[in-house]
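Undergrad: All the letters of the sequence shown, read from the start, carry residue numbers 2 to 79 under our numbering.
Hints in this document: simulated from the structure, not taken from any laboratory.
Among these hints, one or two may not hold up.
Unchecked claim - Think about it this way: if two alpha-carbon atoms lie no more than 20 Å apart in a straight line, the pair counts; the simulated SDA-like pairs of lysine to any residue are:
#1 Lys69 x Gly4
#2 Lys53 x Lys69
#3 Lys37 x Arg64
What the hints assert, rightly or not - Here are the computed distance ranges between Cβ atoms for each label pair:
#4 Leu48 x Ile77: 49 to 57 Å
#5 Lys44 x Val74: 43 to 51 Å
#6 Ala17 x Ala60: 52 to 60 Å
Yeah, the Cβ is synthetic: ideal placement off N, Cα and C, and Gly gets one too.
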Amino acid sequence: KDGKGVVVSLKVPGKAGRPAKSINTITLRNRDKMLKSVKAIAKSQGLSPLYKLAQRRAAAIVRSQQPKSKKHVKKIDA
2 KDGKGVVVSL
12 KVPGKAGRPA
22 KSINTITLRN
32 RDKMLKSVKA
42 IAKSQGLSPL
52 YKLAQRRAAA
62 IVRSQQPKSK
72 KHVKKIDA
(Lines of atoms letter the chains of each structure in order from A and count residues from 1; the text may use other names and numbers.)
(Lines give C-alpha, C1' and ligand atoms only; values in the text may rest on other atoms or scores of the structure.)
Protein backbone atom coordinates (compact mmCIF):
# COMPACT_ATOMS: atom_id res chain seq x y z
CA LYS A 1 0.00 0.00 0.00
CA ASP A 2 2.30 2.77 1.19
CA GLY A 3 5.46 0.87 2.12
CA LYS A 4 4.35 0.29 5.68
CA GLY A 5 3.61 -3.40 5.95
CA VAL A 6 1.30 -5.95 4.40
CA VAL A 7 -2.42 -5.39 3.81
CA VAL A 8 -4.63 -8.49 4.13
CA SER A 9 -8.20 -8.35 2.83
CA LEU A 10 -10.69 -11.03 3.85
CA LYS A 11 -14.26 -11.67 2.76
CA VAL A 12 -16.70 -11.57 5.68
CA PRO A 13 -19.19 -14.43 5.61
CA GLY A 14 -22.83 -13.38 5.78
CA LYS A 15 -22.24 -9.84 4.50
CA ALA A 16 -22.69 -10.52 0.77
CA GLY A 17 -25.71 -8.21 0.63
CA ARG A 18 -23.72 -5.32 2.09
CA PRO A 19 -20.83 -4.54 -0.26
CA ALA A 20 -19.31 -1.90 2.03
CA LYS A 21 -19.04 -4.38 4.91
CA SER A 22 -18.28 -7.52 2.91
CA ILE A 23 -14.48 -7.10 3.02
CA ASN A 24 -12.39 -6.79 6.18
CA THR A 25 -8.97 -5.16 5.68
CA ILE A 26 -6.08 -5.62 8.12
CA THR A 27 -2.67 -3.92 7.98
CA LEU A 28 0.18 -5.98 9.45
CA ARG A 29 3.35 -4.02 10.18
CA ASN A 30 5.52 -6.00 12.59
CA ARG A 31 7.44 -8.72 10.71
CA ASP A 32 7.33 -11.42 13.39
CA LYS A 33 3.70 -10.87 14.30
CA MET A 34 2.85 -10.66 10.60
CA LEU A 35 4.06 -14.20 9.87
CA LYS A 36 2.14 -15.59 12.83
CA SER A 37 -1.01 -13.68 11.84
CA VAL A 38 -0.80 -14.77 8.19
CA LYS A 39 -0.50 -18.39 9.33
CA ALA A 40 -3.51 -18.04 11.65
CA ILE A 41 -5.59 -16.32 8.96
CA ALA A 42 -4.77 -18.98 6.36
CA LYS A 43 -5.63 -21.81 8.74
CA SER A 44 -8.88 -20.15 9.85
CA GLN A 45 -9.93 -19.76 6.20
CA GLY A 46 -9.44 -23.48 5.58
CA LEU A 47 -6.21 -22.99 3.64
CA SER A 48 -3.86 -24.79 6.01
CA PRO A 49 -1.88 -26.53 3.22
CA LEU A 50 -1.12 -23.10 1.71
CA TYR A 51 -0.09 -21.16 4.81
CA LYS A 52 3.64 -21.41 4.05
CA LEU A 53 3.08 -19.96 0.58
CA ALA A 54 1.13 -17.09 2.12
CA GLN A 55 3.94 -16.48 4.61
CA ARG A 56 6.52 -16.46 1.83
CA ARG A 57 4.49 -13.98 -0.21
CA ALA A 58 4.02 -11.66 2.79
CA ALA A 59 7.74 -11.86 3.62
CA ALA A 60 8.60 -11.00 0.00
CA ILE A 61 6.33 -7.95 0.14
CA VAL A 62 7.97 -6.72 3.35
CA ARG A 63 11.43 -7.43 1.93
CA SER A 64 10.64 -5.40 -1.18
CA GLN A 65 9.66 -2.42 0.98
CA GLN A 66 13.07 -2.26 2.66
CA PRO A 67 15.45 0.40 1.32
CA LYS A 68 18.13 -0.96 -0.97
CA SER A 69 21.59 -1.12 0.54
CA LYS A 70 24.35 0.78 -1.20
CA LYS A 71 26.81 -1.39 -3.06
CA HIS A 72 30.45 -0.94 -2.20
CA VAL A 73 32.45 0.15 -5.23
CA LYS A 74 36.21 -0.19 -5.31
CA LYS A 75 38.01 3.03 -6.02
CA ILE A 76 40.80 2.70 -8.54
CA ASP A 77 43.87 4.76 -7.67
CA ALA A 78 45.20 6.47 -10.74
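Undergrad: Does each hint fit the structure? Answer for all of them.
TA: Going down the list of hints, with the structure as the test:
1. Lys69 x Gly4: 13 Å, holds
2. Lys53 x Lys69: 26 Å, violated
3. Lys37 x Arg64: Measuring from Cα to Cα gives roughly 16 Å; hence the hint holds.
4. Leu48 x Ile77: 49 to 57 Å: The hint (49 to 57 Å, Cβ to Cβ) holds, given that Leu48 and Ile77 are roughly 54 Å apart.
5. Lys44 x Val74: 43 to 51 Å: Given about 46 Å between the Cβ atoms, the range holds.
6. Ala17 x Ala60: 52 to 60 Å: Violated, at about 32 Å.
Hints 2, 6 from the earlier list are contradicted by this structure; the remaining hints agree with it.
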